[in-house]
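S.K.: Letter by letter, the chains look like this.
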Amino acid sequence: MEYVEGDPKFVRRIMDAGGGTLKKCFQCATCSVVCPLSPDENPFPRKEMIWAQWGLKEKLMADSDVWLCHQCNDCSSYCPRGAKPGEVLGALRNIQISQYSFPGFLAQAFTTPRYIWAIYALPILLLAAYFSIFGFHIPEGEVHFSHFIPHQHVELAGMIMGGYIGIAILVGLYRFWTAMGGHEIRAKEKSEFVDVGTQVKGGFIPSLIATIIEILTHNRFGKCGESKYRYFAHLGIFYGFILIFIGTNIAFAYLLMGRELNLPLTDPAKIFGNIGFILLFGGASWVIYERVVKRDTIGIGGYFDWLFLGTLWLVAFSGIVLEALRFANSIAAYWIYLVHLVVVFVLLAYAPYSKFAHLAYRTIAMTYAKYSGKDTEKTQL
Amino acid sequence: MAEEAEKMEVKEEEVKEEEEKVEPKLGVYICTGCDIDKLDIEKLVTVAEEEKAPVIKTHPALCGKEGVELIKSDIANEGVNQIAIAACSPRVKWDIFDFGGCCVDRINLREGVVWTHDIDEHTQELAEDLLRMGIGKVQKMEVPVALEEEIDKSILVVGGGISGITAALAVANAGYDVNLVEKADSLGGWAAKFSKVTPQSSPFREVEDFNIQEKIDEVNANPRISVYTSSKIDKIEGQPGQFNVSLNDGAVEFKAGAIVLATGWKPYDASKLEELGYGNPNVITNLQMEEVLSNGFKADSVAFIQCAGQRDENHLPYCSSICCMVTLKQAKLIRQQNPDSKVYIFYDHMRTPGLFEEFYRAVQDDEGIFLTKGNVKKVDINGGVVLEVEDTLLGENINVKVDKVVLATGMISSMEGVPTTKEEQAELAEKGIEFENILNLDYRQGPELPLLKYGFPDSNFICFPYETRRTGIYAAGCVRQPMGIKASMDDATGAALKAVQCVELISEGGTTFPRSGDIDFPDVFLQRCTQCKRCTEECPFGAINEDEKGTPFYNPMRCRRCGTCFGACPERIVSFKGYSVDMVSTMLKAVSVPGPEEEKPRIIAFVCENDAYPALDMSAMHKLKYSPFVRIIPVRCLGSVNTVFIADTLSKGIDGVLMLGCKYGDDYQCHFVRGSELANERMGKVQETLDRLMLESDRVQVKEVAITEYDKVPEIINEFVETIKELEPNPYKGF
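Chains as they are written, first to last, in the numbering used here: chain A, 1035 to 1415; chain B, 721 to 1455.
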């Protein structure tokens, strides 16, 4: 016989991860009713709330529904008990990330505030090691970052980092997929409702395509009632990254072509990059502002959220300052460049353990929901 | 008993003699203010003249200083002592029109006529009829004289638990003596057995200590309180103000003015809960858990099953209202005693009324307490305790393994199973079942307070707080409804106040709620009594005992002046000074009945003064209109409407009789408990009358009206008038 057993320690863990209000829930299900994204069958977040109150770790860690939530926080603002289900689901997502990411001890560091020094110490040490090998000197004259640190070095480090991130994330996703029971889905259970505008139905790949379309269009986010801002802010951050990515790749191409990279503002790489940074900065600032102002109704989030959000904002902010200083031809630009490298490292190198990983986990969970037939909503282009 | 009856009669004669010395003189005062002058006042004066009133006056504002002085000077100078005031409703300005030593009747021309009718010929006729009726009525009234009896103002409190202790202290602190009787050998009751209690004070979030010993010491130190522990009541005889109480086989005797019944509760018999595993040492009741907790408790996991044997037709059908709080308290205590423990609570509904919701919130916050709605299907006690729970909020049926299971069992009134009538006592004795009575009242109607549903004594808390069907006896605490400590203390304080109020009212010859302070007790002309026992059987308050032959014996201090006996008596030998058969007959005679050709139906409405009459006054304030063919006669209670009145009315040619009374049944609103119910029962006899007169049964109807239904009363009246209009006119017109 299988027994259900409450686990106070896991309850505490969710509370510490940003779900501090979860015990206040009295299971009225207002949250599931007001949620614009919750399905009719087995809706969230009511069931996740009681699982969380009982500390039912196994159920919660295998639950893909927490990723269908886009934290509009309609639930939190309508909750009659102040239990903030939106925050609790956010905390559960955080715990899933640290549960599955590889290697586990690094994930631990990201949920424990007292290790924040170590997180920032690593890139600083790496820089120190780099300068001890290649020598440290501030170049004179017109600001050229490549005179300070050659772009080839930065690109190489980026590629090593990218490879690592890819492997770590894939391991995490594989673990998550297994926990959700992704391998056990039999053919007859597979969704036949996925419609991506073509006749393609069922299967992993169509489900993944449908998910990516959904992410690109943000059409789930668009359904949010209470926090419409999140749709626009997230859209800004998301496309900001994409534009920066495009800009970076153009720059990389220039590099391969052997071009000097002190590009003018009119260069396509700069145009993409700058618009991207403005979107990133605007989006991140907006989210921070709303979280602080609406902390009582929708909740301010936890350490895990702020570590990511704060770093993101610093990347955008330092990037903009950096460029301004560069065009102003100030020596300070080099110092800010160092800061920028550190925060970019923190943002990207730790992506498998930070909230940044939601990009991957949400994609795979949404794909799972479609693949398994849980999410029967049609995706439209 | 016979001796006392004799004494009473002597007194009545004395009173009569005294009254005969005063020459009756009628004064009619017509107010013309508040729109009453829309009526033809001169014609009204003519009516009064026809009735041979020696003093007739009109005034534009009778309730003003000048108007009142006018009446007062007529009393002083003209010797007026029967005062008919044709002005506003008797429910307003009664303090202004109170002329001690005189009979006063208020003829309701304002609310009853001008505010509820369009002014026309019919309305004028209505006003004239009402005036004639009032003049007739006041001439048949007599000034009541208060009974002067030796009264004992001490209060008997039965039960020494938290309710009894609180009541005793409240009474003693108000300056009255108390006899506190407890069957156990010490005071304290259940509350003394609980080491910690649910929150008693703001912010209602923490389990608290409860020091009942402090209160027990206070009781013992109070010189006004005499405590009798290990005691039982043999007998209580008499009436409020004069109860004779005998304890412990006559070893102790004392008097009491009023009684607070606070005998509390007993637990539901958990042995009936075998299906929940009761009987296994690891399955205990919440009450046993109290004991376990006070001895220090260590268990790794405990499951609470709420509503165990409650809200279940096979067990207790009701909610004991406190078990949810007790469970939350015990869960908290378990967690405090062992921070690593896990507590599961399976409920049907969490019921944490009022501020206890704060306690629920506080306990919920504990991460080691797991709650879910769920239906515990089975408690498997073979090898560890395993609960099978269905319909949980977890979305599936679950099995939970625990060390201990606590059943949240409910409360039963201590009155449950106690025989309340002599018949029940005899039945139990016959079956050889042992029983024990609590109050042992020496009443014809039985030894205890009558019970309502589920074995709780009557106390219609919404309309009549603490009042029971036995005047001067007030039920408080869990004996009358399951409740917690705090609620019991509030309840006991209220009941104590009512007991004190009772002895004070009785000492002035008055009665208690709802005719509080009324000194007019029933006068019975026993020579004509046929010993039919209707009065003794129908009296809702058990005020009338009877001798072996069945002759009624009135206990005036038990009487609530409802007039149910007056309504019941086929010989019409019961009357009050201010409310008599003769008086009602006179009023009926005063109604003019036009001939059948005039198409002016006439209808009499007997309207209960407690709910229906105020509802009518309220509809007048809302300017709702009703038919002018209806003449309203206010009555103390529908129980006081003698069927003879109906026969009189119909044989006079009046077309219909409408009776407006309170709601009756389990959730009765009748201020005299059974009045409107009895009126309905008596309709059978009315039917006989109708058959004899060969009249349609629709001509007499009883309707229930709640005080809030002011918008419906005019409709009810108008509908009835329409029914009557559809019938032929009463063939007895003109006889």
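Hints listed in this document are in silico derivations from the structure and should not be mistaken for laboratory results. Check before you lean on any hint, since a few could be wrong.
[Unchecked claim] In silico lysine-lysine, PhoX-like type, Cα no more than 25 Å apart, as pairs: (1) A/K1081 x B/K1320; (2) B/K935 x B/K1206; (3) A/K1304 x A/K1328; (4) A/K1043 x B/K935; (5) A/K1091 x B/K1093; (6) B/K1052 x A/K1091; (7) B/K1345 x B/K1445; (8) B/K1121 x A/K1081; (9) B/K813 x B/K777; (10) B/K992 x B/K975; (11) B/K1124 x A/K1043; (12) B/K1093 x A/K1093; (13) B/K1052 x A/K1043; (14) B/K1121 x A/K1091; (15) A/K1257 x A/K1328; (16) B/K1372 x A/K1058; (17) B/K1093 x A/K1081; (18) B/K992 x A/K1081; (19) B/K1173 x B/K986; (20) B/K913 x B/K952; (21) B/K1093 x B/K992; (22) A/K1043 x B/K1018.
[Unchecked claim] Quick list of simulated restraints, FRET-style, between CB atoms: (23) A/Y1037 x B/E1144: 43 to 53 Å; (24) A/Y1112 x B/E1116: 19 to 29 Å; (25) B/E1011 x A/Y1037: 21 to 31 Å; (26) B/Q1221 x A/Y1037: 51 to 61 Å; (27) B/K1151 x A/K1043: 51 to 61 Å; (28) A/K1043 x B/E1011: 23 to 33 Å; (29) A/A1096 x B/E1110: 21 to 31 Å; (30) B/E1077 x A/A1213: 55 to 65 Å; (31) A/K1043 x B/K1121: 43 to 53 Å; (32) B/E1116 x A/F1165: 52 to 62 Å; (33) B/E1110 x A/A1213: 37 to 47 Å; (34) A/A1096 x B/D929: 42 to 52 Å.
Note that the structure is predicted; figures quoted are calculated from it, not measured. Backbone N, C-alpha and C define an ideal beta-carbon position, used for all residues, glycine too.
S.K.: Against this structure, judge whether each hint is valid.
M.R.: Structure-based check of all given hints:
Distance restraint check for A/K1081 and B/K1320: the Cα-Cα separation of roughly 72 Å exceeds the 25 Å cut-off, and the hinted pair is therefore not satisfied. Proximity of B/K935 to B/K1206 is assessed by CA-CA distance (about 14 Å); at most 25 Å being required, the pair is judged to hold. For the hint pairing A/K1304 with A/K1328, the CA-to-CA distance comes to about 36 Å; that exceeds 25 Å, so the pair is violated. Straight-line distance between C-alpha atoms of A/K1043 and B/K935 comes to about 43 Å, which puts the hinted pair past the 25 Å bound.
Taking the CA atoms of A/K1091 and B/K1093, the gap is near 20 Å; set against the 25 Å cutoff, the hint holds. For the hint pairing B/K1052 with A/K1091, the CA-to-CA distance comes to about 24 Å; that is within 25 Å, so the pair holds. Between B/K1345 and B/K1445 the CA atoms are separated by roughly 18 Å; this keeps the pair inside 25 Å, and the hint holds. The straight-line distance between the Cα atoms of B/K1121 and A/K1081 is roughly 22 Å, inside the 25 Å bound, and the hint therefore holds.
For a cut-off of 25 Å, the pair hint linking B/K813 to B/K777 stands: about 19 Å separates their Cα positions. A C-alpha spacing of about 42 Å is found between B/K992 and B/K975, which places the hinted pair above 25 Å, so the restraint is violated. Restraint check: the Cα-Cα separation between B/K1124 and A/K1043 comes to about 21 Å, which is no more than 25 Å; the hinted pair holds. At most 25 Å may separate the alpha-carbon atoms for a hinted pair to count; B/K1093 and A/K1093 meet this at roughly 19 Å.
Between B/K1052 and A/K1043 the CA atoms are separated by roughly 17 Å; this keeps the pair inside 25 Å, and the hint holds. A threshold of 25 Å between alpha carbons decides the hint, and for B/K1121 with A/K1091 the separation of about 18 Å falls inside it, so the pair holds. With a C-alpha separation of about 19 Å, the suggested pairing of A/K1257 with A/K1328 holds against the 25 Å cut-off. In summary, the hint linking B/K1372 to A/K1058 is not supported, as the alpha carbons are separated by about 72 Å, beyond the 25 Å threshold.
A hinted pair counts as satisfied when its Cα atoms are at most 25 Å apart, and B/K1093 with A/K1081 qualifies at roughly 13 Å. Only pairs whose Cα atoms come within 25 Å are accepted, and B/K992 paired with A/K1081 is rejected, the gap being roughly 35 Å. Restraint check: the Cα-Cα separation between B/K1173 and B/K986 comes to about 17 Å, which is no more than 25 Å; the hinted pair holds. Between B/K913 and B/K952 the CA atoms are separated by roughly 22 Å; this keeps the pair inside 25 Å, and the hint holds.
A distance of roughly 23 Å separates the Cα atoms of B/K1093 and B/K992; the hinted pair therefore holds under the 25 Å criterion. With a C-alpha separation of about 19 Å, the suggested pair A/K1043 and B/K1018 falls inside the 25 Å cut-off, and the hint holds. Taken as a hint, the range 43 to 53 Å holds for the pair A/Y1037 and B/E1144, whose Cβ atoms sit roughly 50 Å apart. The hint said 19 to 29 Å for the Cβ distance between A/Y1112 and B/E1116, and at roughly 26 Å that hint holds.
The hinted range of 21 to 31 Å is satisfied by B/E1011 and A/Y1037, whose Cβ atoms lie roughly 29 Å apart. Checking the proposed 51 to 61 Å range against B/Q1221 and A/Y1037 shows it holds: the Cβ atoms sit about 59 Å from each other. Distance hint check for B/K1151 and A/K1043: the Cβ-Cβ separation is about 59 Å, which falls inside the suggested range of 51 to 61 Å. About 31 Å separates the C-beta atoms of A/K1043 and B/E1011, a value consistent with the hinted range of 23 to 33 Å.
Between A/A1096 and B/E1110 the Cβ separation comes to about 23 Å, which falls inside the hinted range of 21 to 31 Å. For B/E1077 and A/A1213, the Cβ-Cβ distance of about 38 Å falls outside the hinted range of 55 to 65 Å, so the restraint is violated. The beta-carbon spacing between A/K1043 and B/K1121, approximately 18 Å, falls outside the hinted interval of 43 to 53 Å. Our hint of 52 to 62 Å for B/E1116 and A/F1165 holds, since their Cβ atoms are close to 59 Å apart.
About 28 Å separates the C-beta atoms of B/E1110 and A/A1213, a value inconsistent with the hinted range of 37 to 47 Å. The hinted window of 42 to 52 Å between A/A1096 and B/D929 holds, with their beta carbons roughly 46 Å apart.
In the structure shown, a violation is registered for the earlier hints numbered 1, 3, 4, 10, 16, 18, 30, 31 and 33, in ascending order.
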